[in-house]
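Undergrad: Turn these sequences into a full structure, and let the hints steer you where they fit.
So you can see what is in the structure, the chains are spelled out below.
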Amino acid sequence: MNTIFDKIWDAHTVAIVPDGPTQLYIDRMYCHEVTSPQAFDGLRARRLSVFRPEKIICMPDHNIPTLNQDKPIRDEIARRQVETLYKNAEDFGLTCYPIGHKKNGIIHVVGPENGLSLPGMTIVCGDSHTSTHGAVGAIAFGIGTSEVEMVLATQCIFQAKPKTMRITIDGTLNEGVTAKDMALYLISKLTTGGATGYFVEYAGEAVRNLSMEGRLTLCNLSIEMGARGGIIAPDETTFNYLKDKEFAPKGAQWDAAVNYWKTLKSDDDAVFDKELHFDAADIEPMITYGTNPGMAMPVNSTIPDVGEIGQKALAYMDFKIGEKLLGKKIDYVFLGSCTNGRIEDFRLFANYVKGKKKAENVIAWLVPGSWAVEKQLREEGLDKILIEAGFELRQPGCSACLAMNEDKVPAGKYVVSTSNRNFEGRQGPGARTILAGALVAAAAAVNGFITDPRTNRQKS
Amino acid sequence: MKAITLLTSTCVPLPLENVDTDQIIPARFLKTTEKAGCGDNLFRDWRYDKNNQPIPDFVLNNPNYKGEILVAGRNFGSGSSREHAAWAIAEYGFRVIVSSFFADIFKNNAMNNGLLPIVVSEPFLSDIFAAIASDNNATLSIDLVNQTIINNASGATETFSINAYKKECFLNGLDDIDYLLARKKEIEQFEKKHNRY
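Chains as they are written, first to last, in my numbering: chain F, 1 to 460; chain E, 1001 to 1197.
20 angstroms max Cα-Cα, derived EDC-like pairs, lysine to aspartate or glutamate:
#	chain 1	residue 1	chain 2	residue 2
1	F	Lys-87	E	Glu-1034
2	E	Lys-1167	F	Asp-19
3	E	Lys-1167	E	Asp-1178
Selected chain E positions facing chain F (Cβ under 10 angstroms, derived; list incomplete):
#	residue
4	Thr-1033
5	Asn-1109
6	Glu-1168
7	Ile-1177
8	Tyr-1179
Quick caveat, the hints were computed from the structure, so don't treat them as lab data. Every residue gets a Cβ at the ideal spot worked out from N, C-alpha and C, and that includes glycine.
TA: Given below as structure tokens:
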């Protein structure tokens, strides 16, 4: 009567501290440049080596420019941080995919697409969106830098065992509704703290029918409702996605792995601490109107009464209760991030803008999540469609999602962003973020204003 | 890590909900490769205007409010996993944060930096805010051994929970990593049967 979460958690429990946390063994850790330097310094201060270097993968993604990656980073402090990661990887004997490497990109895009994240694993990274990797059927969650140091030193961390929640979404998604809309819908229902203390399993027909890319998007946003992570039981979609990936098992080992992975599902009589059910037919294309991802609504809806507590957010966005956002003029569009920087997102976007033109008032940043995504979209000819429609492609990285590089939205400007957080100042001091999926972003990019992608299409 | 047993202090009130880690320390200040210095950028965009001048309305710029205890609205520390948020709060001089609800990763990060997050009930939190509003010198007392928090203005007391292991860490100033390093042999034993990946 175990959940998939219990099965994987228990298989990684080294010990339980009496009246304390679980000592959990970690199979894979990813390190990026922002949250790891102090951890490596900690190892040096204690004169420690990395305990299991083969289980650690490093790559810069947060700080890196999305233009001219062949040239040195202009921001000296950012450059130093990236070089520090390279030096730490070299000093401690760790695999590193530097800027420009064919396997470089956003960690949460690169890990799954190379088979570095596999079903049944425990996966951590000093980044809250590590929840993404749960889509392959792993326990994956973000940790702080002290915990990064613990994993480097011992391949273990202490964690209180979270409670379990199952979110079942029955039925079929309507046309024009994406995994991103599904996630924003759930966050709007649960609020940003609604799943705090829980690890979420996503189940039901609508989840099963998602592609691997869609599942990665859904699990990615688990943290935005407060959950430590999200997980989807591995199935044929998972196995087909992972087969022949570079770091996935091969031959007889693959067969043995799949046999094991098929056991990773919640038992029929599994008991969850909380169960929620939703109907996919109720979900529409979504946008956010406030300054946390829970402040989301259907794109053609009006801003609800947010009460006194929401006034600060609406003042920041310069929106009003009861206002309709359809037709609202926007300034920027950002397609990318660990949420929506995968090939399927670029297919959706390109398919929508095909034969249309980017609106003149819009500055659009189209940032593939990895070099592998970039290569594939070129192979599919999507780059030509995008260029024909007046867009340009940039180089992979986290980019405007958190605006640590030069991709900052100016104060007061509106950006329709496929990323994950609309916090105050997240995409640049004073920037106003409207979160959406790739289709709503595409519709806004060609019209120059918020558009329901199912209806008000720009004439070709 | 600095030990905490008993602490009585005035408070800095931040009666806002869903204070995310991007507000605690914006991403553009995460380019540092050190922990030191984060305190200068605590609540940067609420604390300073775009010309780096202090915004007088913000509580950290109000000389009437100081102390080692930060009191914040529910769901404090949501968002990113950046430990810089905990470093910033600790370096600024806070040793305890009181709220009715904390985001998970932030809570772990705080505890790993000797910053004690205390969860109190909504009414108790409201009473603290009310006490500070009527007297900025109102104090709270924290007794970690007995796991109690006292609002000295009203005399109200609440117990708070903390697991026995973490409590020992705080009382003795110990880190998780010391504990884990002492268990290397057991980890190697575990790896012998756990060799799938």
